[in-house]
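Chemist: Each chain sits in its own coordinate frame; assemble them with the hints.
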Amino acid sequence: AQSVAQPEDQVNVAEGNPLTVKCTYSVSGNPYLFWYVQYPNRGLQFLLKYITGDNLVKGSYGFEAEFNKSQTSFHLKKPSALVSDSALYFCAVRAVGGATNKLIFGTGTLLAVQP
Amino acid sequence: NAGVTQTPKFQVLKTGQSMTLQCAQDMNHEYMSWYRQDPGMGLRLIHYSVGAGITDQGEVPNGYNVSRSTTEDFPLRLLSAAPSQTSVYFCASSYSLGTGAYEQFFGPGTRLTVL
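Taken in order, these protein sequences are the chains called A and B.
Sequential numbering from 1 applies to the first sequence in my numbering.
Sequential numbering from 1 applies to the second sequence in my numbering.
Okay, chain B solo, but in the shape it has when bound (with noise of 0.2 Å):
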């Protein structure tokens, strides 16, 4: 299994440019997450989906946006891409049966650049 792939690695946009970071995972999960990290806040919930033709928003969705039409992708588009939005990005995803405690695994990382 490859596990949680994102493309790309590295990524450098003008400030107003529109661009898809991708994620694909092949473990059948449900669930799947983008996050952002910046240095001294952690990671922070941008969008989720519990499921294809599902998504909510988390807790910095603003200046993006998600779709889920197969388990596999959760695709995730910066729609004019501003300074703020330079992070890196991670996908994650895990089972979520119920309420029970799964782990979630994380990909590479998209490391995003806007000049």
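With the rest of the complex left out, here is chain A (with noise of 0.2 Å):
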């Protein structure tokens, strides 16, 4: 069976510094992993997804993300955190060949920037 972790429930860390919000998964075979970012009473939005080659994936505003077969991991990653990053951010996964678009989410890690 598919499933994600995300191990942390909040990552606190000081504006300008760089930041980690990890993300551990199980799934036969190969992945696809998504990082989506939900910002207060609003939905989730995209930030970046793994497909193959490139085990560094670069995202929206800044993000990026390190694919690490061996480890099963895809940790989303930023050099210099931001005040406006405070958001909840989920990692999800789907099994490459799947026949549908299902996507397994984590249970999400608030992320919180101190100026």
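Derived by calculation from the structure, the hints in this document are not laboratory data.
Glycine included, each C-beta is placed from N, C-alpha and C at the ideal position.
One or more of the hints may lead you astray.
Straight-line alpha carbon distances no greater than 30 Å define the calculated DSSO-like cross-link-like pairs of lysine-lysine that follow [stated by the list, open to error]: (1) K22/A x K69/A; (2) K69/A x K9/B; (3) K102/A x K77/A; (4) K77/A x K58/A; (5) K9/B x K49/A; (6) K102/A x K69/A.
If the Cβ cut is set under 10 Å, some of the chain A residues that face chain B in the computed set are [as the list claims (entries may be wrong)]: (7) Q38; (8) F67; (9) A92; (10) N101; (11) G106.
Anything over 10 Å on all C-beta distances counts as not near chain B; from chain A, calculated [said to hold, decoys possible]: (12) E8; (13) N12; (14) A14; (15) E15; (16) Y61; (17) N68; (18) S70; (19) S73; (20) K77; (21) L82; (22) A87; (23) T100; (24) I104; (25) T107; (26) G108.
Modeler: Next up, the structure:
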């Protein structure tokens, strides 16, 4: 069965410091991996995805994510955090070759960036 | 394009009442889905559809019905509301051609309270 784990409920970081939001996955075969962001009282917005190829994926708002097959991880990173990055972040996975676009989401990590 | 729209934004029901949450998209997406978001549990898939006339159950389908008579619309029906259905409901849509990795576009959500 597919699953996603986001081991941290909350990540605190000072503005200007690098940030990492962790995600590990379990899927049969190769994965498609996604990161979404949710601002308060809003729907989820797509940030980036990994399909194949380069393990470092660049996305919106200066975010990037590193795919590590041996560690089954897809951590979200940003070199310099902004207060406006404070939001709820979700990792999601889908198995390559699946018949539909069904995604399995993690439980979310709240990112709090202090000024 | 309006993207994915949901109505209503807020709803309060009494136990046993029925209602329909509306979802529409204007991007000609084949795939549409309904999620519920609860604190600490992330997003859980209720029902999904891969095209007009085709629906299937997700992770938590009990107490909910769906239909897909057109590509654009995917309403979610609560047959007899229960307090356990108090949640925020999100509709999402995406392309679903073959086995590609397509990001999902989310609506703004419906906050439902069942008393």
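Chemist: Are K69/A and K9/B close enough, with their CA atoms no more than 30 Å apart?
Modeler: Judged against 30 Å, a Cα distance of about 40 Å means the pair is violated.
Chemist: Minimum Cβ separation between E15/A and chain B greater than 10 Å?
Modeler: It holds; E15/A is separated from chain B by about 27 Å at its closest Cβ, greater than 10 Å.
Chemist: Please check whether the beta-carbon of K77/A is more than 10 Å away from every beta-carbon in chain B.
Modeler: holds, 19 Å
Chemist: Under the criterion that the straight-line Cα-Cα distance not exceed 30 Å, is the pair K77/A, K58/A satisfied?
Modeler: Since the Cα atoms of K77/A and K58/A sit roughly 10 Å apart, the hinted pair holds (cutoff 30 Å).
Chemist: With a cut-off of 10 Å, does the beta carbon of G106/A approach a beta carbon of chain B closely enough for the hint to hold?
Modeler: holds, 6 Å
Chemist: For E8/A, is the shortest beta carbon distance to chain B beyond 10 Å?
Modeler: Holds: least Cβ distance 13 Å, greater than 10 Å.
Chemist: Using Cβ atoms and 10 Å as the threshold, tell me whether A87/A really stays out of contact range of chain B.
Modeler: At about 14 Å from chain B, A87/A clears the 10 Å cut-off, so the statement holds.
Chemist: When the nearest CB of chain B is found for N101/A, is that gap smaller than 10 Å?
Modeler: Nearest chain B Cβ about 5 Å off; hint holds.
Chemist: Given the proposed pairing of K9/B with K49/A, does the C-alpha separation stay at or below 30 Å?
Modeler: holds, 29 Å
Chemist: So G108/A supposedly isn't at the interface. Is its beta-carbon more than 10 Å from every beta-carbon in chain B?
Modeler: For G108/A, whose nearest Cβ neighbour in chain B is about 5 Å away, the distance does not exceed 10 Å, so it is violated.
Chemist: Between the alpha carbons of K102/A and K69/A, is the straight-line distance 30 Å or under?
Modeler: holds, 21 Å
Chemist: Closer than 10 Å between Cβ atoms is the bar; does F67/A clear it against chain B? Give me holds or violated.
Modeler: violated, 13 Å
Hint compliance for this structure: hints 2, 8, 23, 24, 25, 26 are not met, and every other hint is.
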